[in-house]
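Work out the full structure, taking the sequences as your base and the hints as a guide.
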Amino acid sequence: MLQTPTSDQAPARRVALDAPLVLKLDGLRTQFVLDDGVVEAVEGVDLEMRRGETLAVVGESGCGKSVMARSILQLVDRPGRIVGGQVWVPRPPAEAVASRRRPGLLRRGRPEPVQQEDGPEGMVNLIGAEPEMIRAVRGKRIAMVFQEPMTSLSAVHTVGNQIIEAIQLHEPMSKEAARERAVDLLRRVGIAGPEKRIDTYPFQLSGGMRQRVMIAMALSCGPELLIADEPTTALDVTTQAQILELLAELREDLGMAIMLITHDLGVAARLADSVAVMYLGRVVERGELAEIFRSPRHPYTQALLRSVPKLGRRRGERLAPVRGMVPHPYARPSGCTFRDRCDHFIPGSCDTALPPLIRDEQGHEVRCVLYKEDDR
Amino acid sequence: MTHPTDVAERQVEAPAAEVLLETRGLTKHFPIKKGFLGRTVGHVKAVDGVDLRIRAGQTVGLVGESGCGKSTLARTILRAYEPTAGEILYRRPDGRVVDLAPMGDRELKPYRRDIRMVFQDPFSSLNPRMTLLQLVGEPLRVNDVVPPSQIEERVATLLTRVGLRPEYLHRYPNAFSGGERQRIGLARALALEPRLVVADEAVSALDVSVRAQIINLMKDLQVEEDLTYLFVSHDLGMVEYMSDEVVVMYVGRVVETGPTDDLYTRPYHPYTEALLSAVPDPDPNAARRPERIVLRGEVADPSDVPPGCPFHPRCFYAQDRCRTEVPALREISPGRRAACHFSEELQLRGIDESEAA
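In order, the protein sequence lines correspond to chains A and B.
Numbering of the first sequence is given in our numbering, commencing with residue 249 and proceeding in unit increments.
Numbering of the second sequence is given in our numbering, commencing with residue 18 and proceeding in unit increments.
Since the hints were made in silico from the structure, they are not lab data.
Fair warning: there could be bad hints in the mix.
Stated by the list, open to error - Label-pair ranges, simulated between beta-carbon atoms: (1) Asp-237(B) <-> Gly-376(A): 52 to 60 Å; (2) Asp-237(B) <-> Asp-608(A): 51 to 59 Å; (3) Gly-596(A) <-> Arg-188(B): 42 to 50 Å; (4) Pro-595(A) <-> Arg-182(B): 21 to 29 Å; (5) Val-281(A) <-> Arg-188(B): 51 to 59 Å.
We treat Cβ as the ideally placed atom computed from N, Cα and C, and that holds for glycine.
Below is the structure:
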């Protein structure tokens with residue numbers, strides 16, 4: 249009998265609760281000041297990620313997932329602005345920061361930024377940090393994979409040169425050594441014939457290959473945290489499966505943490521350890537993956553899960569989508585922002601104040617008034 | 018669960034359902050031109066001899082990876098492309114069957130009203146400089162369906178039917194979100210009371226919750242308007258939910274067809290098995306799919322199809338015979354066809370329905 253070769257089922261992963269933090273967001277707020285008003289894209293997000301953890305950030309488009317991710321690396325373009333909160337990351341070694349500093353004319357009179365001391369031990373706040381510090385973290389300690397590989401790769405440089413540039417930017421090494429490393433990286437992400445492929449241009453590669461190149465580039469400096477913003481959205485299901493497999497494998501080998509930003513709950517279910525559900529710039533529910541899928545608590549999470557057809561479910565069963573639409577960003581409801589689409593709306597309670605974050609013993613957090621009484 | 022009697026009834030009933038549209042050996046090749054004189058140096062075999070049958074009132078799902086020719090097939094059926102060879106047999110309301118493939122534009126015009134399309138991208142498929150009245154009213158005006166004085170009223174009714182407010186008549190598409198735009202696209206398709214609607218990835222660009230709303234709307238309209246759908250998608254979950262019958266394509270050819278439940282529970286082609294296994298299941302607690310198959314490589318180049326079975330370079334079960342002999346699409350069991358030499362021998366895994374229910 250013929251046998252189908254399959255990937256091994258990964259053993260149940262557990263992230264040690266005492267693993268060192270790789271990222272801690274504290275009340276992160278990002279807004280876009282436009283002519284017609286102010287869009288609060290991220291409104292006070294608190295998150296923690298530990299080494300080796302995979303966190304899926306899910307939500308509909310416009311809920312602030314991508315802006316949050318970009319805010320972590322200070323990549324928000326104007327008119328976007330980070331207006332509050334802190335992004336704590338492990339402090340990079342002093343020589344990584346210092347080696348990049350060049351004395352410049354304009355630099356001369358600038359005062360040294362004050363070091364914030366109130367954060368977790370050994371961590372540094374990226375918001376308001378000096379540019380050298382940000383550059384020492386961005387791309388090296390925290391790397392990012394973007395959604396559309398065709399628009400985020402340069403069309404006029406070979407993929408090899410783009411990877412080599414990233415390596416040389418962070419580590420002093422000769423071009424030959426960097427090239428060798430790039431070939432290794434391409435081989436590592438499963439590109440056949442990396443010696444030849446390194447001199448190709450992105451347009452000569454397929455979508456899946458381009459995403460592999462993006463991942464290779466992100467891995468070039470051995471990051472502690474990989475932020476993958478919709479890494480498989482533009483890809484076919486079969487290619488998507490390949491890329492997810494690759495990410496899982498790299499995570500095991502390199503021990504890095506992954507923040508997986510996706511709107512696809514299926515993708516989240518396949519890779520993540522824990523899930524943060526975002527709605528209109530806030531995290532409304534956060535907890536362990538299996539727990540969230542088994543017993544979602546926030547009405548939005550419940551609705552989101554109901555609106556996806558599951559394979560093998562009887563046809564004809566009606567999908568139950570979330571009512572209405574995401575409200576206009578200028579005119580968000582007061583109190584709980586989900587209240588006008590929610591089936592459990594309680595007048596006088598939901599519309600007056602933002603529901604507090606409720607946390608149970610397992611660390612399952614939810615921001616909804618329905619759960620207030622249970623835990624008090 | 019289905020009662021055994023139900024299944025029996027359906028199978029007796031199925032052949033009786035009238036075939037609305039059938040393609041026989043439908044082929045669309047695009048020439049590759051090179052050089053100053055534009056000599057043809059090869060062909061992209063986007064659609065290569067496709068036999069497809071769409072029964073009235075049903076939904077046929079067309080699945081496959083990108084580049085497998087799904088969209089080309091859909092557009093060729095609509096006669097947006099000139100077919101290279103083959104027949105498109107369409108049953109008119111009076112029962113006569115006509116072949117749409119060789120017809121000229123003038124002859125085709127009456128049939129254009131019967132077969133309509135909903136496009137994938139709601140942002141690029143609507144003219145941003147036309148109001149809803151103009152957009153939805155255009156097919157009515159062009160086809161002289163209603164006198165110009167009644168167009169506005171008719172458009173308002175259509176908008177209501179797809180869940181938009183009639184007051185939006187004079188707005189431009191930029192005022193609407195993706196889901197609302199897709200509703201406009203549906204209203205446009207429905208304006209002429211079509212019999213067959215080809216939905217090419219109609220919900221792929223939408224968010225999950227909006228997608229569910231549009232899918233529900235499409236199902237409601239199917240009942241209300243007595244529509245037949247050809248539902249093109251790469252999302253197997255959506256196809257399972259929407260379709261009565263599924264057609265799986267690979268590099269321009271049909272590799273497997275069959276009733277949805279059957280095909281999903283017991284695939285006969287290794288490609289179908291791999292596709293099903295690749296779908297991320299939004300339920301980490303379900304133990305019914307413990308293993309997954311990850312296909313190697315990429316879709317074959319349709320201008321340079323591998324000899325033998327086009328799927329053999331990626332197939333885990335490939336034998337010598339697969340490298341030389343092209344498998345024909347043949348009947349494996351009643352109502353089920355597959356193009357694989359070893360369909361009977363292979364024990365392919367699908368979705369285990371008993372545990373899912």
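Now for the hints, and whether the structure bears them out:
1. Checked against the hint of 52 to 60 Å, the C-beta distance between Asp-237(B) and Gly-376(A) comes to roughly 53 Å, which is consistent with it.
2. Between Asp-237(B) and Asp-608(A) the beta carbon distance is about 40 Å. The supplied range of 51 to 59 Å is therefore violated.
3. Our hint of 42 to 50 Å for Gly-596(A) and Arg-188(B) is violated, since their Cβ atoms are close to 35 Å apart.
4. For Pro-595(A) and Arg-182(B), the Cβ-Cβ distance of about 25 Å falls inside the hinted range of 21 to 29 Å, so the restraint holds.
5. Roughly 27 Å separates the CB atoms of Val-281(A) and Arg-188(B), a value that falls outside the hinted 51 to 59 Å.
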